[in-house]
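Which chain is which? The protein sequence lines are A and B, in order.
Numbering-wise, my numbering puts 324 at position 324 of the first sequence, and it's gapless, one number per residue.
Numbering-wise, my numbering puts 1 at position 1 of the second sequence, and it's gapless, one number per residue.
Any given hint could be a false lead.
Unchecked claim - Just a few of them, taken from the derived set where beta-carbon distance is under 10 Å, the chain B residues facing chain A: (1) Pro60; (2) Gly67; (3) Ala68; (4) Leu72; (5) Phe354; (6) Met367; (7) Pro391; (8) Arg409.
Claimed, not checked - Some but not every residue of chain A turned toward chain B, in silico, with C-beta under 8 Å: (9) Tyr44; (10) His47; (11) Asp48; (12) Ala267.
As the list claims (entries may be wrong) - Label pairs and their in silico Cβ distance ranges: (13) A:Asp74 / B:Asn56: 34 to 42 Å; (14) A:Thr53 / B:Tyr336: 34 to 42 Å; (15) B:Asp345 / A:Ser326: 33 to 41 Å.
By construction, these hints were calculated from the structure, which means they are not laboratory data.
Every value quoted in this text rests on a predicted model; they were computed, and no experiment measured them.
Just so it is clear, CB atoms sit at the ideal spot from N, CA and C, and this is done for glycine as well.
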Amino acid sequence: MPADMLAQGIQTGRLSAEQYDANFADLHAPLDDHEALVAADRCYFCHDAPCMTACPTDIDIPLFIRQIATGTSDAAAKTILTQNILGGMCARVCPTETLCEEVCVREVAEGKPVLIGQLQRYATDGLMAKGVHPFVRAETTDKRVAVVGAGPAGLACAHRLAMLGHDVTLYDARAKAGGLNEYGIAAYKSTDEFAAKEVDWLLQIGGIVVNQGVALGSNVSLAQLQSDFDAVFLGMGLGGVNGLGLDGDDKDGITDAVDFIAELRQANELGAMPIGRDVVVIGGGMTAVDAAVQAKLLGALNVTLVYRRSRARMNASVYEQDLAASKGVRIITNASPNAVHGNGPVREVEFEYTDDDLKPTGQTVRLMADQVFRAIGQTLQGEGLPDLEGRKIKVSDTGATSVKGIWAGGDCAFGGDDLTVTAVAEGRDAAIDINANLMGGVT
Amino acid sequence: MVDLTTTFIGITSPNPFWLASAPPTDKEYNVRRAFEAGWGGVVWKTLGSEGPPVVNVNGPRYGAIYGADRRLLGLNNIELITDRDLFTNLEEIKRVKADYPDRAIIVSLMVPCEEEAWKAILPLVEDTGADGIELNFGCPHGMSERGMGAAVGQVPEYIEMVTRWCKRYYSKPVIVKLTPNITDVRKPAAAARAGGADAVSLINTINSITSVNLDSMSPEPSIDGKGTHGGYCGPAVKPIAMSMVSEIARAEATAGMPISGIGGVTTWRDAAEFMALGCGNVQVCTAAMTYGFKIVQEMISGLSQWMDEKGYENTTDFVGMAVPNTTDWQYLNLNYIAKAKIDQDLCISCGRCFAACEDTSHQAIAMSEDRVFSVIDAECVACNLCVNVCPVENCITMEQMPVGAVDPRTDRVVDKDYANWTTHPNNPSATAAE
Ligand SMILES: Cc1cc2nc3c(=O)[nH]c(=O)nc-3n(C[C@H](O)[C@H](O)[C@H](O)COP(=O)(O)OP(=O)(O)OC[C@H]3O[C@@H](n4cnc5c(N)ncnc54)[C@H](O)[C@@H]3O)c2cc1C
Ligand SMILES: Cc1cc2nc3c(=O)[nH]c(=O)nc-3n(C[C@H](O)[C@H](O)[C@H](O)COP(=O)(O)O)c2cc1C
Ligand code: SF4
Ligand code: SF4
Ligand code: SF4
Numbered sequence: 001m002p003a004d005m006l007a008q009g010i011q012t013g014r015l016s017a018e019q020y021d022a023n024f025a026d027l028h029a030p031l032d033d034h035e036a037l038v039a040a041d042r043c044y045f046c047h048d049a050p051c052m053t054a055c056p057t058d059i060d061i062p063l064f065i066r067q068i069a070t071g072t073s074d075a076a077a078k079t080i081l082t083q084n085i086l087g088g089m090c091a092r093v094c095p096t097e098t099l100c101e102e103v104c105v106r107e108v109a110e111g112k113p114v115l116i117g118q119l120q121r122y123a124t125d126g127l128m129a130k131g132v133h134p135f136v137r138a139e140t141t142d143k144r145v146a147v148v149g150a151g152p153a154g155l156a157c158a159h160r161l162a163m164l165g166h167d168v169t170l171y172d173a174r175a176k177a178g179g180l181n182e183y184g185i186a187a188y189k190s191t192d193e194f195a196a197k198e199v200d201w202l203l204q205i206g207g208i209v210v211n212q213g214v215a216l217g218s219n220v221s222l223a224q225l226q227s228d229f230d231a232v233f234l235g236m237g238l239g240g241v242n243g244l245g246l247d248g249d250d251k252d253g254i255t256d257a258v259d260f261i262a263e264l265r266q267a268n269e270l271g272a273m274p275i276g277r278d279v280v281v282i283g284g285g286m287t288a289v290d291a292a293v294q295a296k297l298l299g300a301l302n303v304t305l306v307y308r309r310s311r312a313r314m315n316a317s318v319y320e321q322d323l324a325a326s327k328g329v330r331i332i333t334n335a336s337p338n339a340v341h342g343n344g345p346v347r348e349v350e351f352e353y354t355d356d357d358l359k360p361t362g363q364t365v366r367l368m369a370d371q372v373f374r375a376i377g378q379t380l381q382g383e384g385l386p387d388l389e390g391r392k393i394k395v396s397d398t399g400a401t402s403v404k405g406i407w408a409g410g411d412c413a414f415g416g417d418d419l420t421v422t423a424v425a426e427g428r429d430a431a432i433d434i435n436a437n438l439m440g441g442v443t
Numbered sequence: 001m002v003d004l005t006t007t008f009i010g011i012t013s014p015n016p017f018w019l020a021s022a023p024p025t026d027k028e029y030n031v032r033r034a035f036e037a038g039w040g041g042v043v044w045k046t047l048g049s050e051g052p053p054v055v056n057v058n059g060p061r062y063g064a065i066y067g068a069d070r071r072l073l074g075l076n077n078i079e080l081i082t083d084r085d086l087f088t089n090l091e092e093i094k095r096v097k098a099d100y101p102d103r104a105i106i107v108s109l110m111v112p113c114e115e116e117a118w119k120a121i122l123p124l125v126e127d128t129g130a131d132g133i134e135l136n137f138g139c140p141h142g143m144s145e146r147g148m149g150a151a152v153g154q155v156p157e158y159i160e161m162v163t164r165w166c167k168r169y170y171s172k173p174v175i176v177k178l179t180p181n182i183t184d185v186r187k188p189a190a191a192a193r194a195g196g197a198d199a200v201s202l203i204n205t206i207n208s209i210t211s212v213n214l215d216s217m218s219p220e221p222s223i224d225g226k227g228t229h230g231g232y233c234g235p236a237v238k239p240i241a242m243s244m245v246s247e248i249a250r251a252e253a254t255a256g257m258p259i260s261g262i263g264g265v266t267t268w269r270d271a272a273e274f275m276a277l278g279c280g281n282v283q284v285c286t287a288a289m290t291y292g293f294k295i296v297q298e299m300i301s302g303l304s305q306w307m308d309e310k311g312y313e314n315t316t317d318f319v320g321m322a323v324p325n326t327t328d329w330q331y332l333n334l335n336y337i338a339k340a341k342i343d344q345d346l347c348i349s350c351g352r353c354f355a356a357c358e359d360t361s362h363q364a365i366a367m368s369e370d371r372v373f374s375v376i377d378a379e380c381v382a383c384n385l386c387v388n389v390c391p392v393e394n395c396i397t398m399e400q401m402p403v404g405a406v407d408p409r410t411d412r413v414v415d416k417d418y419a420n421w422t423t424h425p426n427n428p429s430a431t432a433a434e
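Produce the entire structure from the sequences given, and follow the hints as far as they go.
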């Protein structure tokens, strides 16, 4: 163990350069040609395939796998991208174990699914490496659409609209496009600047003007967009985060997991990323797991993920939980934070054990912590938005909001899982509906 | 305890697995190692007449087709007979036979279709002490253009004539190797018998082009941008070979004639199937070329285990057992009625049976909302396609309907009596049932 792992407090450079590189390498090495053929060959080309039904973007999985098997992986890529323009990112980040691969008949029968995600990556990477953009923009319609948020939902919506011939203006508050693909996804899922490359590749369709650093609400108003454009799509994700609601929640050393991850994703040098020796992550979803795993990979000595309900209730899939465990993250469940200790920066967090209905048991445990990450959910931010349902924007099946001319999709819209692939599907479907509306039913 | 010792046309070998005449048997070095690995016999790579040997191409001579994970399913070749000197080969054969008296060594021959040519070579072969000869009337490329190989094998009269010469100038058993590149394989087999052959062996390779290079637009294997048809062999040809074997085993003119089965034998099971169809032994080429000599160990152990399980003590106990059950279509029992049945516990709901049956004129499989697949007996014609496409073994089975039951497809009662097409009312030339 490098001595630097033992140093107390939040420190940089806990590991050697080689260790950082190894820790943050691709989670799954890409399939080579032969591996892809072998993997593709396992697909049964099911009738009305269950995997396809499970894919939120309805990719024709048996078809694209057969295209790979017959040596035409560019055609496979086109099959994928026709349904899901971010098929490359989805191939890396989709929790396939709870989507297509979960219902693959070979998973059901043998516990070994066809490697749909990895095959998808094989096909899309191959095409993108050639710099080929397989779609052409239809003749311009002179219709103008504003898309707010350049995350998966906004990008998918913008691409489909541009393809259909509309002129799209994208507004995004951050410095870079991509949304959580750029700032949120775990570093080992999207290596080698893939998110940025994918955005560049996607924009090759043409007809999309990108305005980074422009925030709805501060730099431009919804009313303005409504008057300047024929339609507006809202895909701004969830900008706010939930607090712990405890005294001392703001002590030094306590931050939001999403901010930690965004900083990590943007770090030029991982050795300059400070990390605690004893890290505690509070939450049970994908964000919590990603924060915990990456804290460990940065060289934290002890990382504990604490979730208030049981394992079965965790939003992170079993696969994600196992991944965390394999990296050395300790998972404690049925424990809810009830106090933060420390004169000055945080020193310990106290949890009380709870039953599945969150009923306190009276028993507590204190965990050493020089760094704490909150990962207990994100929230929608913004005022003057269309009607909400729960805490998100209320939408129809095709993303129409309560306000005529405004559509929404992705994490900011109600319904669906908060997943990249769902955001893509919703952005795409909204674009199709916007097009139908703008063109008077002529699509 | 099983004894695999096999005596085929008087030639005894410790097991029925011989290496076919091909590159694995082209020289002493190979054959010695083949015997060490356990092969029961070899048919030496075909020898030609005295004089400068033939020349092979100096580029690729094999093409292939593959199954999953590059499993070699079919191989084709444009190789000729041995390109080594006749006397070198003869000396080697003599040495090896002397060292391995218990193994079979057959010398394959292909010389011009002239009596003098055979008269010249046969005494030389006799002198090696080899156990017999095999006449290569099968090679489909290169040699047939020179009036040998398949060019002779396609003319029954030539076969009979050459066989006769061989029986005249050679004292030991003569096997005639048949080409499959012919419409009716029974004709050359009958000719071989008429000429006095002790046995036939089949099949040699099938005329084939395995692939076309879509960049250079040349068939593969490509030699300087041009390709030619080659001889096809390997697992893919086994069904064709077995059908031809069965034809010869059944035909009146050739019934009972010893057969050495060749064509796609890759495992002990393939060998057992050929033998059940009437082959006294089998010959192997592609499998040895693909996996090496060691595969014979699996063939020996596999055949032994199966024979043990079945209670066969000697290979002769089961040779030919499937012949009486091989018949013509017109004699199949039309009163035998079966229905497909899906085992719901095994079914993995892939829907392949549905797609197959739905798009293949029967529409006899129902699919429910929740992906339960079941057979509609009133539509099922028992064609077996669903069984063939289902990825799960034994998930779909063909269940015979009991006598007296009503077939919901035809509303007819299942008859206990055998009745075939020859007596069927729809057959214009039906003969009245006796
Ligand atoms: C840490 C973390 C890890 C995750 N890991 C996975 C994973 O592995 N797999 C998976 O499928 N999903 C994962 N998700 C979920 C996934 O990232 C989201 O579901 C998806 O990104 C939602 O897409 P979106 O386009 O709706 O929103 P976002 O990706 O959040 O994009 C919203 C965009 O809108 C911009 N924006 C916000 N407010 C404004 C404004 N007022 N004006 C202008 N622009 C604005 C933002 O800058 C951003 O670019 C993860 C999420 C997190 C937080
Ligand atoms: C079940 C079945 C029935 C067939 N019936 C006929 C037929 O009636 N007439 C015909 O000319 N070919 C028939 N064929 C041959 C096919 O038309 C085709 O020539 C052959 O299957 C080779 O093509 P393929 O293997 O590439 O599909 C039949 C094939 C199958 C599998
Ligand atoms: S369920 Fe599995 S086997 Fe069937 S089509 Fe999908 S990937 Fe292929
Ligand atoms: S046996 Fe043939 S007809 Fe019957 S269900 Fe199967 S595929 Fe259909
Ligand atoms: S092909 Fe076999 S496994 Fe697939 S649905 Fe039909 S019966 Fe079930």
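Hint-by-hint comparison with the structure:
1. Because the closest C-beta pair between B:Pro60 and chain A is about 20 Å apart, greater than 10 Å, the hint is violated.
2. For B:Gly67, the interface hint holds, the least distance from its beta-carbon to any beta-carbon of chain A being 9 Å, beneath 10 Å.
3. Taking 10 Å as the C-beta cut-off, the interface hint given for B:Ala68 holds, the closest approach to chain A being about 4 Å.
4. The interface hint given for B:Leu72 is broken, as the beta carbon of that residue sits about 15 Å from the closest beta carbon of chain A, more than 10 Å.
5. Using the Cβ-Cβ criterion of 10 Å, the hint placing B:Phe354 at the interface with chain A is satisfied: the shortest such distance is roughly 5 Å.
6. This hint holds: B:Met367 has a C-beta 8 Å from the nearest C-beta of chain A, less than the 10 Å allowed.
7. Look at B:Pro391: its Cβ gets to within about 5 Å of chain A, closer than 10 Å, so that hint holds up.
8. A cut of 10 Å between beta carbons decides the hint on B:Arg409: the least distance to chain A is about 23 Å, and the hint is violated.
9. Proximity of A:Tyr44 to chain B holds as hinted, the smallest CB-CB distance being about 5 Å (cut-off 8 Å).
10. Of the supplied interface hints, the one on A:His47 holds, with its beta-carbon coming within about 3 Å of a beta-carbon of chain B, less than 8 Å.
11. Because the smallest distance between the Cβ of A:Asp48 and any Cβ of chain B comes to about 6 Å, under 8 Å, the interface hint for this residue holds.
12. Residue-level restraint check for A:Ala267 is violated (minimum Cβ-Cβ distance to chain B is 42 Å; threshold 8 Å).
13. Between A:Asp74 and B:Asn56, the C-beta spacing of about 39 Å keeps the proposed range 34 to 42 Å intact.
14. Between A:Thr53 and B:Tyr336 the beta carbons are some 40 Å apart, a value that agrees with the proposed interval 34 to 42 Å.
15. As the Cβ distance of B:Asp345 to A:Ser326 is approximately 34 Å, the hint placing it in 33 to 41 Å holds.
Violation of the numbered hints given earlier is confined to hints 1, 4, 8, 12; the remaining hints are satisfied by the structure.
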